[in-house]
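Position 294 (the sequence shown) corresponds to 294 in UniProt numbering; numbering is contiguous.
No lab work stands behind these hints: they were computed from the structure. Glycine included, every Cβ here is placed at the ideal spot set by N, Cα and C. Worth double-checking, as some hints may not be accurate.
Claimed, not checked - DEER-style ranges, computed between Cβ atoms:
#1 LEU2 x ARG307: 20 to 28 Å
#2 GLY40 x ASP116: 26 to 34 Å
#3 GLN228 x ARG100: 21 to 29 Å
#4 GLU268 x GLY20: 35 to 43 Å
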Amino acid sequence: MLKFDSQGLVPAVIVDDTTGDVLLVAFMNQDAYQLTRETGQTHFFSRSRNKIWHKGEQSGNVQEVRDIFINCEENSLLVRVHQRGEAACHEGYHSCYYRRILPDESYEVVAERIFDPEDVYTTEQSEEEPMPTDNEQAQTPQELEQALRQLYAVYLSLRDQDHTATSNTSRLLHEKNHGFLAGRLRDELGELIGVERGEHVHTGLQEDTALEGSQVGYWLFLLAAINQMNYDTFNPHSAILQGFTAHYTVAQIDELRQQAIEQLSGNEPIQHIRGLLAGFSIIGWACVSAGISPLVPVEYDLDQMRRKGLIK
């Protein structure tokens, strides 16, 4: 008998029946599983939207079920499907696993994009667990990445140009006091986690998460900048989205916080990358815990930059 977890979910690995490629991994609840069985097409449960979604309902790239297998412990599924339209990933690729992780933890795209998501998804982010926002609309991963790239570019400019007379951030970047920045990050991580646990309160959960999340991102970006990190080396948007969807336990968050502090206090670039990924993952976790989009803390910082005239 299929065993659902404490949240009533079971992971399902979706495999192309023709090629054997892993197309995606998603969750089913009892109703989604029954719909999949009854209709012969995959249905999943979106944790962020708290609703069932039919794969291909927008794009037309539905998945016709060929076989369903269960693992030895009866707590996960492998579903072999015929993929219509070739692309299973909402980013327009055949598989969601279209990137290879390189030794320096950066990503390499190894597949050809089949369609442009902007041409397909006109009303929602995608069919794959769009991120809820405070106005109940979905933001795309592309928007998050664009905003983070724009924000990081400002910090790099303040690092590479001398604005120390008018900008405290520029002064911090020119001083390159690694220990001070790591210490401030440690404090802000503690405050952000404290917000989600009800131990650190200013205004309200969502407002405090936006504020403290932006502060954690600020010190992470400063550490990345003084360590000469290129954006694509650590891809903060991917780490934030990982934290947003991972359902971390309290113990895991404590481990991530410790990892961020320890790795960013080290001397090796690979340590810095791991520390940045851990820190940005905590921001994503905090956002989903507070019920806000992971874009909200980034927009908070961008608004600050606009008021200061650093971006238009």
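Inset, instruction - Give me the numbers of the hints this structure contradicts, sorted from smallest to largest. - result: 1
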